[in-house]
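Asks: Listed here are the chains, written in short residue letters.
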Amino acid sequence: MNRWQYPKKEFVYVKRVLIKQTNAFGNVYFSNYLEWQGEARESLLLEHPNYKELFSQSNNLLMITHSIYNRFIKSAFFGMHINMHITSSLIQKYSFVLNFHFFDSKNELISAGWQKICFFDNSKNVFIPIPDIVLDLVEPIKKE
Amino acid sequence: MGKISREEIKEKVMELVRKQITINRVGAGFNVDIEEASDLYSDLGFDSVELMDFVAELEKGFCIAIDANDFLNIKTIKQLIDKLDSLMGN
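Sequence lines, in order, name chains U and G.
If you read the first sequence in the working numbering, its first letter stands for residue 1, the second for the next number, and so on.
If you read the second sequence in the working numbering, its first letter stands for residue 1001, the second for the next number, and so on.
Same shape as in the complex, but just chain G (with noise of 0.2 Å):
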């Protein structure tokens, strides 16, 4: 994947979100708005294996390969679109 910007990451990033969120999940139904201050915890209800999960889809997403031990200390949405841009080389 060629060098995208922090704005391409981050609309990336929302889609990705969305997506893991609705399967997080499963058969309740869920609706939130997603911003850059949003927690992946308390806000999107994520918890440990749904992280996994996640960076794993962002993976594929970014044609990039995570570890995801470096993912356990972010906490918001900006966090995330800003790690994956310094992974990108931006």
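Chain U with its partners taken away, still in its complex shape (with noise of 0.2 Å):
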């Protein structure tokens, strides 16, 4: 039996920027970068069709944000759409890495970033190999 896998090579998660999401000077406050790319990461999980079992308390599994960076290139407003493209790379035995490239509605770049990933066994106090349904996700939009 073939096993799922996702079917693009890379996923796009799309925000609208709110009032609440800038700061004093209109633009988007940088933290916010930081919060989409986690929205966008987990909306990724929500595609695959068994996406639960990765989060079912029984599995004792724990997603880890080793490290995260984002640079900021051209600023973004309130009312924006913002195009987030996610793709991965680096993938080794126990960790990965998202890419995420934020583009505007002319799809001019505004932002970038990247988080690597890896996953715990909190019963046995370990590090584990990526779970084959986060595989599923993160080998198809692999960044050649």
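Derived by calculation from the structure, the hints in this document are not laboratory data.
Beta carbons are placed, not taken as given, at the ideal position from N, Cα and C, and that holds for glycine.
Accuracy of the hints is not assured; some may be wrong.
To be verified - Part of the chain G face toward chain U, derived, beta carbon under 8 Å:
1. 1048
2. 1052
3. 1053
4. 1066
5. 1087
Since each chain comes alone in its own frame, lean on the hints to assemble the complex.
Replies: Pasting the structure below:
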């Protein structure tokens, strides 16, 4: 039986900037990009038909954000649509990287970042290899 | 993989360490001199999950099975090479 795999080469997540996400100067406040990375990552996980297995309380599995980075290229403002393109890279046995590229409606890059993610078994207190459910999502979107 | 000398093990380890520390420091750039005395953690910036990934690469690189727990007490490149030397039956 073939395993399900994400059917596209990248994942796109769209946000619209709200007033509460802007600062005193009208720009999107920097911390929102980190929050949006998190939202986009969760949305990617939800794409898997069996995503609930990953988050079952009984499997003692923790998904850990090992490190995170974001750089800010252009300003974004209230009302703008931001298209987040997610790809993966550096897929090793115990960790992988998700890359985030934020584009405005003119397809200009406004921000970029990445996260390194690993998995931990809370009951055995050990790092574990990337679960198959996650590999099903990140391998197809690997940046060549 | 046939019997290999400590010198060959060292060369392969240095190559894999250079590759891994580039991966460890994603996007940030990382330029460091690697010597046998280099500490994996304080000099080369490894942490526990990066060591696990590195052990998986050592398994592939040397075509041997390694118990990652055997490497938890290893701190330096020299200790790493000596451990692999002993695992390879030298």
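Asks: Against this structure, judge whether each hint is valid.
Replies: Hint by hint, here is what the structure shows:
Annotation: interface hint on residue 1048 of chain G holds; nearest CB of chain U at approximately 7 Å, less than 8 Å. Given the 8 Å rule on beta carbons, the hint for residue 1052 of chain G holds: about 4 Å separates it from the nearest Cβ of chain U. Because the smallest distance between the Cβ of residue 1053 of chain G and any Cβ of chain U comes to about 4 Å, under 8 Å, the interface hint for this residue holds. Given hint, residue 1066 of chain G at the interface with chain U, is violated; its Cβ is 12 Å from that chain's nearest Cβ, farther than 8 Å.
Because the beta carbon of residue 1087 of chain G sits about 18 Å from the nearest beta carbon in chain U, more than 8 Å, this interface hint is broken.
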